[in-house]
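Please build the complex by placing chain B on the supplied structure of chain A, with the hints as guidance.
From first to last, the protein sequence lines stand for chains A and B.
Mapping of the first sequence onto this note's numbering: residues 1 to 224, in sequence order.
Mapping of the second sequence onto this note's numbering: residues 1 to 238, in sequence order.
Pair ranges (Cβ atoms, derived):
no.	chain 1	residue 1	chain 2	residue 2	range
1	B	LYS119	A	ARG16	20 to 26 Å
2	A	LEU34	B	GLN202	52 to 58 Å
3	A	ARG16	B	ASP132	18 to 24 Å
4	B	ASN78	A	ARG78	23 to 29 Å
5	A	ALA135	B	GLY170	46 to 52 Å
6	B	GLU65	A	TYR220	19 to 25 Å
7	A	ARG78	B	THR169	19 to 25 Å
8	A	ARG78	B	LEU127	25 to 31 Å
9	A	ARG78	B	ALA173	29 to 35 Å
10	B	ARG139	A	ILE168	27 to 33 Å
11	A	ARG78	B	ARG185	32 to 38 Å
Interface residues of chain B toward chain A, partial, derived using beta-carbon atoms under 7 Å:
no.	residue
12	LEU95
13	LEU111
14	PHE112
These are calculated hints, taken from the structure and not from any lab test.
Here a beta-carbon is modelled for each residue, glycine too, at the ideal position from N, C-alpha and C.
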Amino acid sequence: MQTLRIAWTIFVKDLRVEWRSRETLASMCVFSLLIVFLFNFAFESAREETLRLLPGLLWIAFAFAGILGFNRSFAGERENACLEGMILAPIDPSAIFLGKMFANLLFLAVTEAVVVFAAALWYNFSFLPSLGRFALIVLFGTVGYVALGTIFGAIAANTRMREVMLPILQFPISFWILILGTDATSDVLRGNTAAFAAGAARVAGVSLIFAVVSYLLFEYVLEE
Amino acid sequence: MPPETSRAEATLELRGVSKYFGDLPALRNVSLRIGRGDSVFVYGPNGAGKTTLLRTLATLARPSEGTALFSGRDVHENPPAARAAIGFVSHATFLYGELTARENLKFTGRLFGLREPEKRIDTALELFALRDRADEPVRGLSRGLQQRVTLARAILHDPAFLLLDEPFTGLDAASRENLQSLLRRLPEQGKAVVFSTHDFDQGVTLARRLVAMEAGRVRYDGPLNLAPLDALHIARAH
Numbered sequence: 001m002q003t004l005r006i007a008w009t010i011f012v013k014d015l016r017v018e019w020r021s022r023e024t025l026a027s028m029c030v031f032s033l034l035i036v037f038l039f040n041f042a043f044e045s046a047r048e049e050t051l052r053l054l055p056g057l058l059w060i061a062f063a064f065a066g067i068l069g070f071n072r073s074f075a076g077e078r079e080n081a082c083l084e085g086m087i088l089a090p091i092d093p094s095a096i097f098l099g100k101m102f103a104n105l106l107f108l109a110v111t112e113a114v115v116v117f118a119a120a121l122w123y124n125f126s127f128l129p130s131l132g133r134f135a136l137i138v139l140f141g142t143v144g145y146v147a148l149g150t151i152f153g154a155i156a157a158n159t160r161m162r163e164v165m166l167p168i169l170q171f172p173i174s175f176w177i178l179i180l181g182t183d184a185t186s187d188v189l190r191g192n193t194a195a196f197a198a199g200a201a202r203v204a205g206v207s208l209i210f211a212v213v214s215y216l217l218f219e220y221v222l223e224e
Numbered sequence: 001m002p003p004e005t006s007r008a009e010a011t012l013e014l015r016g017v018s019k020y021f022g023d024l025p026a027l028r029n030v031s032l033r034i035g036r037g038d039s040v041f042v043y044g045p046n047g048a049g050k051t052t053l054l055r056t057l058a059t060l061a062r063p064s065e066g067t068a069l070f071s072g073r074d075v076h077e078n079p080p081a082a083r084a085a086i087g088f089v090s091h092a093t094f095l096y097g098e099l100t101a102r103e104n105l106k107f108t109g110r111l112f113g114l115r116e117p118e119k120r121i122d123t124a125l126e127l128f129a130l131r132d133r134a135d136e137p138v139r140g141l142s143r144g145l146q147q148r149v150t151l152a153r154a155i156l157h158d159p160a161f162l163l164l165d166e167p168f169t170g171l172d173a174a175s176r177e178n179l180q181s182l183l184r185r186l187p188e189q190g191k192a193v194v195f196s197t198h199d200f201d202q203g204v205t206l207a208r209r210l211v212a213m214e215a216g217r218v219r220y221d222g223p224l225n226l227a228p229l230d231a232l233h234i235a236r237a238h
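Here chain A stands alone, though its shape is the one from the complex (with noise of 0.2 Å):
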C-alpha cells in the first residue's frame, strides 16, 4: 500500500512537470505521425495491403514514440540528480519504477490514441468494427514495452550515449512484444476473431514477463 501511495505521488508529478513543461508528449506524438504521414505517401497502398502494412506501421510508430518518451522520463530526472533525490528518501525502489512506468504508460497510451487516430484518416481504414479487441491487444503489449522502457531508460540515464543507448538496449528485448504485437493485431483488423484469443495471451504473457523481471531488477538499476 505505501509503495502504491509513493508511485502514485511520483506519478502525478510526472505529470505536472509534463503539464507544465509539454515536452515529451508533445514531440512523441509529432514524431509518430511523422511516421504515419510519411509511410501514407511511400506506400500508396490499396485496402489489401494497407492491411498488411498498417499493423507493422502502427508498432513501429508505437516502438520509436516510447523511446522518445523514456529518454525524456529519465532526462528530467537527471537534470539536477532529482533521481538521487528520490533514492535518498526512505521508499521501495519499486515505488520509482511503479510511477515512472505508469507516467510512461499514460504518455505513450495517449501518443497510440492519436496515431490510431491519424492512421484511420490517412489511410481511410476504419477501426471500429474491431476497436475493442485491437485496443486489449495495444494495452497489452504497450504495458510490457514500457516496463522494459522504464528499467533501460534509467540504465541509459547513467550512461554517456543515452540517446543512443536506450534504442540499443530497447529493440533488442523488446521485439518480442513488437512481433506478437503485430501478428496480434494483423489477426484482429482482418477480423479473423478465431485467432484472437491466443494471440492476445502471447502478446499479455510475453509483456507480464517483461513487466515483472523489470520490476523486480529495477532496485539494483538504481544502486550506484
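Relative to chain A, chain B alone:
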C-alpha cells in the same frame, strides 16, 4: 522519521571504507563515527574525497571495501532506516525546475511520509526566507535561491543527521548567517551536522570537530581545538 528512542542511539559510521572509481581511489581505509550532537567540519583540498565521504555517509555511494553502518547495522541491508534519519545537500539541487519551491517540498514530504507536511513546509520556507518566492517555478529562481530551497528540502523531515556538501554555495550574506545559525543550533538539539566548505575560517567557527582529508585518507579526526599543527597546516595550505 525514526522515533526518539531509536534516534537517541543512532550513529552513522564508516569502518575501513575504501571507494574506487575504476582504478582511482577516492577514499582509502576511512573509519569515522558520527553520533548525536556531533558538529563535524570536513576539510581538504579538491580531490581529497570530501564529496565521496559525504555521499557514502548519505548511502548514495556504496563502499568498494569496508562497511557503512547506521546504528551498528550495514546501511545497505536496510537503506530506508538510515535514509529516514539523513538529510543531504550535495552539489546538485535535487529540485524539479518545472515545479515551484512549495511543490518540490511537498513532493519530498510525501516521499518521506511526513505528517502535517504543510506546517513543516511553511516552517522550512520561513527559515530560509523563501515565503515570497515559494510559488514560483524553481527554474526561474537564482542559484542562491535554489540553494535555499535545497537546504529547506534537506531539513524538511527533521533529520537526525544533516550532511552538507558545500552548503554555502551561492548564498547571500543573510542566508549564510541563517545557515550558520542553524548549523550551531542543531547540535545543541542533539542532531548531528557534518559539512564541508572551502572556507576554512568559516568552518572552524561552526564546528567542534575537524576531519582533515588528503588524497582519500583522513589525516586528522578530532576536536578542532586539539588539532595538531600539521593537520591544520594541510587544511590551511589548500
